[in-house]
Amino acid sequence: MIELAPHNPYGLSIHIPVLTAAGCFGYGVEYANSIDITRIGAIVTRSTSFYAQRQSQPRLIETPAGVLLTGTWPNPGLAYVLRHYAPIWASWSTPVIVSIVGAGADEYAAIAAELEGVEGVAGIELNVALHAAHAAQITSAVRAATQLPILVKLPPSPEAEQLAQKVARAGADALTLFAPFPAATPDPNTGALVEGWLLGPATRPLVQPMLRTLAGQLSIPIIACGGIAQSSDAQQALVAGASAVQLGSVLLNTPQAAFQIASALAHYQPT
Amino acid sequence: MVQQRQLIVAEQRDVTPDLRWLTLEAPELTRSVRAGQYLLVRCAEAGSYDPLLRRPLFVAATEPALGQIALLYAPNERGLAWLARTRAGDTLDVLGPCGRGFTLEPRTRTLLLIGAGPGLAALLLLARLAAAQQVAVTLLAGAANAELLPPAYLLPGEVEYQTFVPWQLSDFIAPGGTAATSSYNLPAAIAWADQVAVALPNAAAPALAQLIRTTKFRWERGFASALLEGPLICGVGACGVCGIELRKGIRMLCSDGPVFDLRDLP
Ligand code: FES
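In order, the protein sequences belong to chains P and F.
The numbering of the first sequence is numbering that gives the first Met the number 0, which starts it at 0 and goes up by one.
The numbering of the second sequence is numbering that gives the first Met the number 0, which starts it at 0 and goes up by one.
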């Protein structure tokens, strides 16, 4: 077993170092009939806010070996998720980590408080992509609201090292490195430059050196995220010092990659 | 449920200079797939994720006796251009069939189909399935040029097939739901039909609904359905990119649709 929250009273043990990344595997329930979820280390859900986010018009624009996400992503809100999905998660042996997003520290903390004690919820991942400067403050607020294991997904930036240290001190149990890269690409319909977040295998060479640098400096587990598409990519991230990996964009292409890569790593032993 | 399958290419050929007909060995799908359902086809070499996203292609024909299905597409971008280079014997990685397709109502004896663009492939299958049940079918197909229209030989001989080139949405349906075409009496065709199925740009839906409202005395659920356009990425409602606002709230195009009853559209 791999422990992703060794200092947390609940702990967060996974049997395979492969998780799904937020946004690319829904709430897990969408795939429950077609994918053997027990063969995945853990599922990180779509980012969920306190109230439903419905009016957004997200887009995926394809780029070389990747996609640019634009717009805000919809979600049905916390109450819906707890009512409809948590009872299903409670019947699974695979841990489910709820990715949460808020307008500020108070909303993050309010969501975390609601998740505390919910059967089927094994941990929380903070999506702070839009609030990176306040990531430590948000982490503190969430830490005060819940004892659940907290993963914090940080955006890649030159300040990532400092930020990671601050967030770790603020109470994060593990860090997910990294969220998608801020980027821009021409709109295929209009040619106008569209800003968004880049994910996909194209980002992996950017993530790898940052991961290696940070892994040697942090005392809490790191979960590598960014462009991992094959088992060899995952192994390289583990060798670089990650305790586990998250699979994101590859699942948009092949959701079955979650257990295909997990199976390939089932007998992986860190050296 | 989105199943990953490895399907072997039986044949691939041009049916027009702009359209490819791809036949796949898929005996397990020939009887279960519905018109309007789609396959998410991986369009990259094994091990490559460029392009990253699968291409959604509607099933255009099924041949249960041969254990084959066919897809019709225009290889007009890099993923589909890759697909167009595959040959008989190659294996394709597909997910699906995905989504909810058209339902041919048991009482239907006359079926009007109207389509343009990629969704035309789905109407070809619906026309074939309906004709096999002795339903009288009229298919109206529009395109910017004749090379983008499926050739008539892809349809059963008894299907009445009318094409419109160059085609403008307003040729069929003007804003506000008046029949705008000078060359075709659409209200008469709607009055003739027991059922209508369309695959048109989404902008056509309100005007078409209005035209049906003014043409049909009574318009029951199941009478008219539309295959809507939009992103079809994951096929199961997981990634969240394809939400559309219907009368009953948000639905996911990829898994709740892409075919919806026209009465449910706003
Ligand atoms: S395409 Fe992913 S939710 Fe519809």
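Worth flagging that the hints you see were computed from the coordinates, not collected in a lab.
Hints should not be assumed to be uniformly reliable.
[Stated by the list, open to error] Computed beta-carbon distance windows for the label pairs:
#: 1; chain 1: F; residue 1: ASP263; chain 2: P; residue 2: PRO8; range: 43 to 51 Å
#: 2; chain 1: F; residue 1: ALA83; chain 2: P; residue 2: SER231; range: 48 to 56 Å
#: 3; chain 1: F; residue 1: ALA45; chain 2: P; residue 2: GLU2; range: 55 to 63 Å
#: 4; chain 1: F; residue 1: ILE7; chain 2: P; residue 2: ARG211; range: 39 to 47 Å
#: 5; chain 1: P; residue 1: MET0; chain 2: F; residue 2: ALA45; range: 57 to 65 Å
Given the structure is predicted, the values throughout are model-derived calculations rather than measurements.
Glycine included, every Cβ here is placed at the ideal spot set by N, Cα and C.
Here is what the structure says about each hint:
1. ASP263/F with PRO8/P: 43 to 51 Å: Cβ of ASP263/F to Cβ of PRO8/P: about 49 Å, so the range 43 to 51 Å holds.
2. ALA83/F with SER231/P: 48 to 56 Å: violated (30 Å)
3. ALA45/F with GLU2/P: 55 to 63 Å: Violated: the Cβ-Cβ distance is about 35 Å, outside 55 to 63 Å.
4. ILE7/F with ARG211/P: 39 to 47 Å: About 43 Å separates the Cβ atoms of ILE7/F and ARG211/P, which means 39 to 47 Å holds.
5. MET0/P with ALA45/F: 57 to 65 Å: At roughly 33 Å between Cβ atoms, ALA45/F and MET0/P fall outside 57 to 65 Å, so the hint is violated.
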